[in-house]
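Colleague: Can you make the complete structure from the sequences, with help from the hints?
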Amino acid sequence: MTFHTRALLGACAVAALCVPATADTLTIATVNNGDMIRMQGLTKDFTDKTGHTVEWVTLEENVLRQRVTQDIAAKGGQFDIMTIGMYETPIWGKQDWLVALDDLPASYDTDDILPAMRGGLSVDGTLYAAPFYGESSMIMYRTDLMEKAGLDMPDAPTWEFVADAARKMTDKDNEIYGICLRGKAGWGENMAFLTATGNAFGARWFDEDWKPQFDTPQWKETLSFYIDLMNEAGPPGASTNGFNENLSLFQQGKCGMWIDATVAASFVTNPDDSTVADKVGFALAPDTGLGKRGNWLWAWALAIPAGTQKEAAAKQFIEWATSKEYLELVAANEGWANVPPGTRTSLYENPEYAKVPFAKMTLDSINSADPTDPTVDPVPYIGVQFVAIPEFAGIATQVGQEFSAALAGQQTVDEALAKAQTLTAEEMEAAGY
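Here numbering that gives the first Met the number 0 is used: position 100 in the sequence shown is 99, and no number is missing along the way.
There may be inaccurate statements among the hints.
[As the list claims (entries may be wrong)] 30 Å max Cα-Cα, derived BS3-like pairs, lysine-lysine: (1) Lys359 <-> Lys278; (2) Lys253 <-> Lys354; (3) Lys314 <-> Lys93; (4) Lys43 <-> Lys309; (5) Lys314 <-> Lys74; (6) Lys171 <-> Lys253; (7) Lys74 <-> Lys93; (8) Lys354 <-> Lys278; (9) Lys48 <-> Lys309; (10) Lys253 <-> Lys147.
Keep in mind that the hints were calculated from the coordinates and are not lab data.
Modeller: Below is the structure:
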């Protein structure tokens, strides 16, 4: 029996999948990234086993967020399954907008889902979305430039080491910048990075009474450190650089270090796209010795909106797409490096997957982020690089604009923090906190 055949037959062990049932047509909203497109190509495996058919609505990330949010808030019923993230899941689960996934069969092995992923997609211990892939953030660095600077990157560096290394690696005359970090405004762009970094410096968005904390020494230290480092060792125009811009700079050999999504590891080590593919090392995101690392936590996950008429079939699909057997199906077709990362403990125990050069550091990064305990001082919210309240996306986008303007030299750190404090306080008061 071939491995491929074994993987397909093994999927029948995923309970209920091979049991004949009334055939339904499921409408699934998803994001237009590589892993999701690959899933669509493999869906015949699911339809052959169950008799259900699937209609895909595939959207760009910002459009997807808008469409599914409008639909679920209005109880529109357009979708039987939605692709959502760690930001929406606890909010919507708490509002009873999602079907609880607390009755998946034993063969699905919910306990195999990485604890950090399970925690971020649960409310009071109940899972409301199943992770399709997961990520954290980590340091990707040029091993040749680190060596040239006379330094050895530790597996778990401090921000002090990273800043020193960045300055030593910088060679602006030759367009080599010691560190590339997000500066582009947005709750999912610069604020994802700066909120996670703030956690390592002892900063937090709110105290336990929901009072904004941008007027604290911890936020001043975070923002000042970041802007000084970027001015001295970052690329020009950094205030307009997000994930894609920094990825491009790194692949062109212009960054000594880049701290960003673990999912980027496969891009920077791909010789078809990256001029430095054979010179990349990985390390945990930095800390300052306070017990929290500056790395985030995210999952794209599948959830069922409450009120669907096709709950049983929708659960069968989620079970199929987020199972151990699905990972084997992808590996058989595309190779282990292309398996959706960051969801299951058993994947990281697989000796074949262990050969993927970034596998271990990705797992270590995910495991070092805890959405239920993200900060040095206690907070009333869930979320590492975001605050899981409905108001956050709007507030953080505005704060991100102020911080980006400070990086661009259009205002001081103190001015940016004062504006952030005022606007956050006004929005939270208006929302009734």
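Colleague: Assess, step by step, whether the Cα of Lys171 is no farther than 30 Å from the Cα of Lys253, and give holds or violated.
Modeller: Holds, at about 10 Å.
Colleague: Would you check the hint for Lys74 and Lys93, treating anything up to 30 Å between C-alpha atoms as holding?
Modeller: The hint holds at about 16 Å.
Colleague: Between Lys314 and Lys74, is the straight-line Cα distance small enough, at 30 Å or below?
Modeller: At roughly 19 Å apart (the allowed maximum being 30 Å), Lys74 and Lys314 satisfy the hint.
Colleague: Please work out if Lys359 and Lys278 have their alpha carbons no farther apart than 30 Å.
Modeller: This hinted pair holds, its Cα atoms lying about 18 Å apart.
Colleague: Take a quick look at whether Lys354 and Lys278 sit within 30 Å of each other, Cα to Cα.
Modeller: holds (17 Å)
Colleague: Need the status of pair Lys314, Lys93: alpha-carbon distance at most 30 Å?
Modeller: holds (19 Å)
Colleague: Just to be careful, I want the Cα atoms of Lys253 and Lys354 compared with a cutoff of 30 Å; is the pair within it?
Modeller: At roughly 28 Å apart (the allowed maximum being 30 Å), Lys354 and Lys253 satisfy the hint.
Colleague: Check the hint pairing Lys43 with Lys309 against an upper bound of 30 Å on the C-alpha distance.
Modeller: Status holds; Cα separation ~19 Å.
Colleague: Are the Cα atoms of Lys253 and Lys147 separated by 30 Å or less?
Modeller: holds (15 Å)
Colleague: Between the alpha carbons of Lys48 and Lys309, is the straight-line distance 30 Å or under?
Modeller: holds (17 Å)
Of the numbered hints given earlier, the model fails none.
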